[in-house]
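*Asks:* Chains as they are written, first to last, in full-length UniProt numbering: chain A, 1 to 431; chain B, 1 to 431.
Source of the hints: derived by calculation from the structure; they are not laboratory data. Take every hint as true, because none was put in to throw you off.
A pair holds if it fits inside one copy or across any two, identical chains being indistinguishable in the list.
Cross-link-like lysine to any residue pairs, in silico, SDA-like; alpha carbons within 25 Å at most:
#	residue 1	residue 2
1	LYS226	PRO76
2	LYS367	PRO320
3	LYS121	ALA196
4	LYS226	SER25
5	LYS226	VAL23
6	LYS226	PRO158
7	LYS226	GLN211
2 protein chains.
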Amino acid sequence: MSTRTPRIQMLLTGSELMSGDTVDSNSAMVGQRLGELGITLERKITLDDDLDALTAAIREISTYADILIVNGGLGPTVDDLTAAALAAAAGVALGENPRALAHIESWCEQRQIPMDAANRKQAQLPAGSDILPNITGSAVGIAMTLGDCRVLCTPGVPGELRNMLDSIIDDIRHRHPDLQPRHILRLQTFGLGESAAQQCVADALPDWPQQVSLGFRAGAPQMEIKLTAASDADPGLQAGCREQLESLFGDHIIGEGNATLAARVLQLLSDRGRQITTAESCTGGLIASMLTRVPGSSAAFEAGFVTYSNRMKRDLLAVPEALLEAHGAVSEPVVRAMAEGALARSGADMAIAVSGIAGPDGGSAEKPVGTVWIAWGSAADLHSCGLCWPVERSLFQTMVAAAGLDLIRRQLLALPPLSWQAERRRIDATR
Amino acid sequence: MSTRTPRIQMLLTGSELMSGDTVDSNSAMVGQRLGELGITLERKITLDDDLDALTAAIREISTYADILIVNGGLGPTVDDLTAAALAAAAGVALGENPRALAHIESWCEQRQIPMDAANRKQAQLPAGSDILPNITGSAVGIAMTLGDCRVLCTPGVPGELRNMLDSIIDDIRHRHPDLQPRHILRLQTFGLGESAAQQCVADALPDWPQQVSLGFRAGAPQMEIKLTAASDADPGLQAGCREQLESLFGDHIIGEGNATLAARVLQLLSDRGRQITTAESCTGGLIASMLTRVPGSSAAFEAGFVTYSNRMKRDLLAVPEALLEAHGAVSEPVVRAMAEGALARSGADMAIAVSGIAGPDGGSAEKPVGTVWIAWGSAADLHSCGLCWPVERSLFQTMVAAAGLDLIRRQLLALPPLSWQAERRRIDATR
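Chain A with its partners taken away, still in its complex shape:
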């Protein structure tokens, strides 16, 4: 047991990681969990399924690291070499581990499959090692101490690793009881850019406390703001920082943790006993899909319309032919008529309607690719705006769908309809 922050490295193994057939998300999962403990990974090494290279790496790292997390190579095939490499590095033999064997037997029994030689191989562990339980897969994890280094071997299947991480974290905390876990708060935002937000904090909050580190991670469509504070920092400090961010970015903040625009909108609607409908042209069903991906969405969503052609805007949503002829499908009058039609047909209280040019074809000088009109609100309180996002088709669809959801969120919360960022993209005055 040590009072300094432990040195932790990862060793990843698998030919699919070297060929690029698999993108490694496992080490990011481990890095995030270690971050909550206040530990930063020191190094990651990724190797092919090569016994000598794996053995040499385990031996070398174990001479100075406190903890080595090995990922992959625990499966039943001949390419799975982690147990053999660990045994070779430790200078011990492989032998059948009774607890590992019992796990595999019960795993096969539950699935009503006979235990074959390949399964049985997974019970061959280095002498003197312990198992780390695997609640989903056939391969147990392996824990073993080499000199002063704790080696923890974990499965490559992401779901199995995720399930094993709690016992890994427990193992590390048990050996390093003085670790000071960090308080991490994640805020989900929409309509903010990474560098602009960073600059905004630097300009508006020059006295930001050093004890609370601030990270920005841009995704499409949301951006995450991460506040990290040491567990021994003043508890009021992080809360104070959060308040400062809320007054700075307030109406951009959707929620905490894994909050999404769609889930937030559905919750606001449910709280108010309202129903929403969608009328989509350029997003082609994406807004409805984002809403219905959320469990329980049926409480506030009954129907959506995908009207891709002019004829369907007319036949399904009663958009007047005259409007289509006079203004074109991508226009303010048409998108408002789409919203009105969807409200009338579905009986919902609120609607989001979008019509735009997703590209790559279909643009013109007057209405270039990326032009979109959005209408949102209720029949009595319907709003609309035109924006231009000249980006790749699927990113355009994602951003427009998110913008529609955000505009409804703002209306439900009585916030101003457009952020300073979206403002820059506006192409016309709204009503």
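Dock chain B against the given chain A, drawing on the hints supplied.
*Replies:* Below, chain B alone, put in the same frame as chain A:
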């Protein structure tokens, strides 16, 4: 210049890679491109932005590797240390590189922004190094030879790396002219499992030639089969292997390269001058969204219906109330009525309709979570089947949407409606 296969390693740098805030997809991109050259990455090392650790790693790797590809750390901030670490490892000074400076000047000019000190820092390269052009970003790449090792430093922004990879590949081929690029053929499939497909090949094609390696990569919803052959292999060999796979998995193969079910369905419809519509309950717009993500989808898709509630199935798709009462929304008669209603309302030639229980709530003993009915076809030739996929909500939606598209694909190609795999999931007889 060498005639053996070069030893290539990668060094990745960035605190976001250690914290897990970013998942590294760059090394997979590099691994795939090297695979086409017939080279397998020997090792990847990932480090924090730490000058000493980066310098030591570059120095160590350069003593035995032929090529070291460094990724990240070329930006304008103080955390970007790649040039400094390379200079330290080489024992040379950093100095302003005229070609790098010219690039940055022109980059700033194009964006009409003044060149600041941070931008100018990116022109500080190790003495004796060359630049690798960056057509999109401000940071040039760096090429330098340390002893016998070629060190190639690349930007961490994925799009910039992608654009730089052609010149990296050229640099490697120039120094290793005897490399034998591989022929790689990727086939996209639906309805096949990874291990079952592997077993199927082992059983049915025992004489599979050693010169053509076979890889299976399961994704949701598609699985990729990768055939890799040396460039000096008999050209007929890979073609022959492909034919064997086609006779084995024929109706599961969607197409080559990046083919998707939605794009394939749209192409088959366009070829036949037909239109498709969708009537979605449990997939909530996902099928329409998958179709409209494909550029040019308007040629074969005009309208889709998301009817999440019973009332909307009745009001929008004219599903008889009596059917809903007698059989429930998740039933064969209702899903067929949904398809018929969507065909009638949209005027399309073909429809996909789905109604199921995505969960986590809403299941019963008779109709557990994962139960789904799908109807597909034209008014004159309408089919239906019931399946059960008891998986997590969003995976269920993805798999059901893909199954619907695959059933239409099979009908358009006059293939049998269900594969042996889906057959196992059937819950009732079809008409």
